[in-house]
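Novice: Okay, here's what each chain looks like letter by letter:
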Amino acid sequence: MTGELLLRARDLVKQFPVAGTAGLFRPARLFTAVGGVSFDLHAGETLALVGESGSGKSTTARLAARLLDVTSGTVELAGQDVTTRKGKDLAAVRRTVQVVFQDPFSSLNPRHTVERIVTAPLLYQKRDIPGGSREFTRTLLDRVGLNPDWLNRYPAQFSGGQAQRIGIARALAVGPRVLVCDEAVSALDVSVQAQIINLLRDLQAEEGFGCLFIAHDLAVVRQIATSVAVMTAGRVVEAGDRDTVFGDPQHEYTRRLLAAVPRIRPEWEAARRAKAAAR
Amino acid sequence: MTRYLVNRVLGMLLVLFLVALFTYMVFFLLSPDPAVQICGKTCTPERIDQIRANLGLDDPFPVQFLHFLEGLFLGRDYGTGASAVHCSAPCLGYSFQSAQVVTDMIVQRLPVTAVVAIGAAVLWLLAGVIGGLLSAVREGRFTDRFITALTLGGMSVPNYVLALALQYVFVVQLQWLPFPQAVPFADDPGQWFLNFILPWTVLAIGYASSYTRLTRANVIDTLSENFVRTARAKGLRPHLVWRRHALRPALTPIVTIAGMDFAGLLGGALITETVFGINGVGKLAADSITKNDQPVIMAVTLLAAFFVVVGNMVVDLLYSAIDPRVRAGATT
Amino acid sequence: MSLLRVNDLTVKFGDVTVVDGLGFELPKGGSLGIVGESGSGKSMTSLAVMGLLPKGALCTGEISFDGIDLNTLSERRMREIRGDRIAMIFQDPLSSLNPYYTVGTQIAEAYRSHRSGVSRRAARQVAIEAMERVHIKEAGRRVDDYPHQFSGGMRQRVMIAMALSTEPELIIADEPTTALDVTVQAQILDLLAEVRRDTGAALIMITHDLAVVSEVADTVVVMRYGDVVETGSTEQIFSDPRHPYTQALLDAVPRIDDEIGDLRTLGGGS
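Chains as they are written, first to last, in my numbering: chain X, 15 to 293; chain R, 125 to 456; chain D, 759 to 1028.
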């Protein structure tokens, strides 16, 4: 089911200086957030980076999206090395990779209308808007399941789930080949979360983009990912396709992680399904 | 902790050195030739050259600056032969106009400036913290709005206007306070104290106003912290919730900012001292500017910078003593 | 006799009703889960029981704890119960602990404020014992550490130790594991179960996480927009949910062991 290779990350390393350890003539101590992570992302694939806090999964995603500079390693987008691109040369990267963040409200400018938010990435890249700004926005809103007439509203007029849909619309505006979802559904209520997961799945089926999905919630990952990389302490300890990693985990840490997920008793689930089917 | 301290002190010395270099450079480039000033009206070019050579004024800038540093740490002599003046360390320069060592001029005036600064600091801290607490407790009610209005006024009235107005009302009209005059503390402590009331008040009002605003904001923020909710959930009495869990976090930043402001004042409260005729460092600075007495202006500038830099460091150390999170950061 | 009986509890802010006619009963030593999504009023319910509702809240109805109506109790009497017979654990352990005091001081503080004539030294000993009971290693040394020196899970253990120190009959836990990693969450849930076993304390667990509630509670209250949607035994709620909202909510939960397919979503816009 996987298509062309879109994103190729090799030996990504990111070190941050530790605050307060710098002396007058002495550099700060370094903390290694990501210590040599490699992965491939193909068109139509959803690769989930899972791990607990401090595992380096979000940093890895930001390195891959070129939102952060790598300490070492390479990032290739559609066959081109973009690791050291700066300034204007990054525009091509931004056209190819878009990010949806965790908190929809803090990542949408509260003083801009939906139309302005959604078309901003195109304007920044000085690209023509196909069919005009209004029509373009209406089409996008419709595609993410929002009322096309809401294009003049402001973020504060939306619920969390709706705001996240706007974030997705904005990301889709440039027609990206890679969509990075950084804990994009973590802050949402269960019912809303389900809608957004379904939306992402539908959009991917239509567009065929590759999705790098960052999450700490294993159950969510299981629903959306095609392949999984389990991270802890800045490294990938286990990677493979979803069913293998979830069904037959090899690494001790993966097993521990899976065992820790709270579960509803299977007999209750079975009884409930039977009743629901009878209804 | 020791390494942190050493780092801080080294950093401070570097800053002081840069300030000294910069100040010296500015005055070296901008000020009129002191040799001309010393020479007076009946002056010949030969005489000026002689004075220059005598005082080392014909040396290039780096050499002069080195001499200045030397004086600061070791002391130095101005001139040669019988007319030489010795200026012992820390030598801040020599005022050719008043024929005095600058260090002595400053040391004479520093105590009175300190008295002005300390008194004002006590006043503004008391008024600011109490006003801010009152305001926070009565948030949104009349008391709060009244205090807010007062502080807005306090922050917007310029010092010199306030000084003249208060002097007019309390000294000239009501005659509650004596006309300002220099009275040594030992002669008449009561009179001495009365003399300082107005300067203290004038200096304190601006600070007190901004401290009131700051305290109010800090206390209101702290009261909405989760750990205050925890304290209440423990069933602590309200006064304990306030004292232990609200006040300490709310007042810590205020204490430290006060340290900085106080250090700034030690450099000289220029306007206040001038208006009230207090013979402190601020007035010395003002007088020197009028007379264009370059070494004195430079020395006062350096002194002010010194107090601010040292104050800054004391505040940082204080902070790490008060806040356990900073303390931990310093030891690692 | 039930330990806590809540009857027709209503909380209003002006015209806005955040809890509307809530009722439930909790037996001694029992455990009750209140589930709901954001805005369901579940957290307001816990604050109402604690008498810690924010200013401007109007609370009516009966909150009967061991025969005492907490809603009509004077603030002074309420304070004697709060933190002593009823203790609370919050969502974010870091911000819930005061950064300026050692954890020992903060645990001892709860104990000392409810027991008269306790020396500083004795209270410290109580704090150390409480920390040992929540399995904090080297409690005797760590008692003098500050909150920022603990990891997220250890901080929540400190909060639980604080709640335990007075041996409460009821512990209210408001999303106690939401901010924690999944492995840490499992440890904290185990710890809460152990504490209940050892002390016989009753538990009210407030959470958005249905799987967590299914593991912890005997009885479940499902809330939505301030209303009780459904109340029942945990087995009944999870194996035979009666109300469409409960059914939809259960359908929407992504499961770790489930077949893969479209998640069923709740009706209406997101």
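No lab work stands behind these hints, which were simulated from the structure alone. These numbers come from a predicted model, not from an experiment. There's no promise every hint is true.
Quick look at which bits of chain D chain R covers, simulated, 3 or more residues with Cβ under 8 Å [as the list claims (entries may be wrong)]:
#1 847–859
#2 868–879
#3 943–956
SDA-like cross-link-like pairs, simulated, lysine to any residue; straight-line CA separation at most 20 Å [claimed, not checked]:
#4 X:LYS289 <-> D:ASP998
#5 D:LYS813 <-> R:VAL285
#6 R:LYS415 <-> R:VAL150
Each residue gets a CB set at the ideal place from its N, CA and C atoms; glycine is no exception.
Novice: Hints first: check each against the structure and report whether it holds.
Specialist: Now the hints, each set against the structure:
| no. | hint | result |
| --- | --- | --- |
| 1 | 847–859 | holds (count 9) |
| 2 | 868–879 | holds (count 3) |
| 3 | 943–956 | violated (count 0) |
| 4 | X:LYS289 <-> D:ASP998 | holds, 7 Å |
| 5 | D:LYS813 <-> R:VAL285 | violated, 43 Å |
| 6 | R:LYS415 <-> R:VAL150 | holds, 18 Å |
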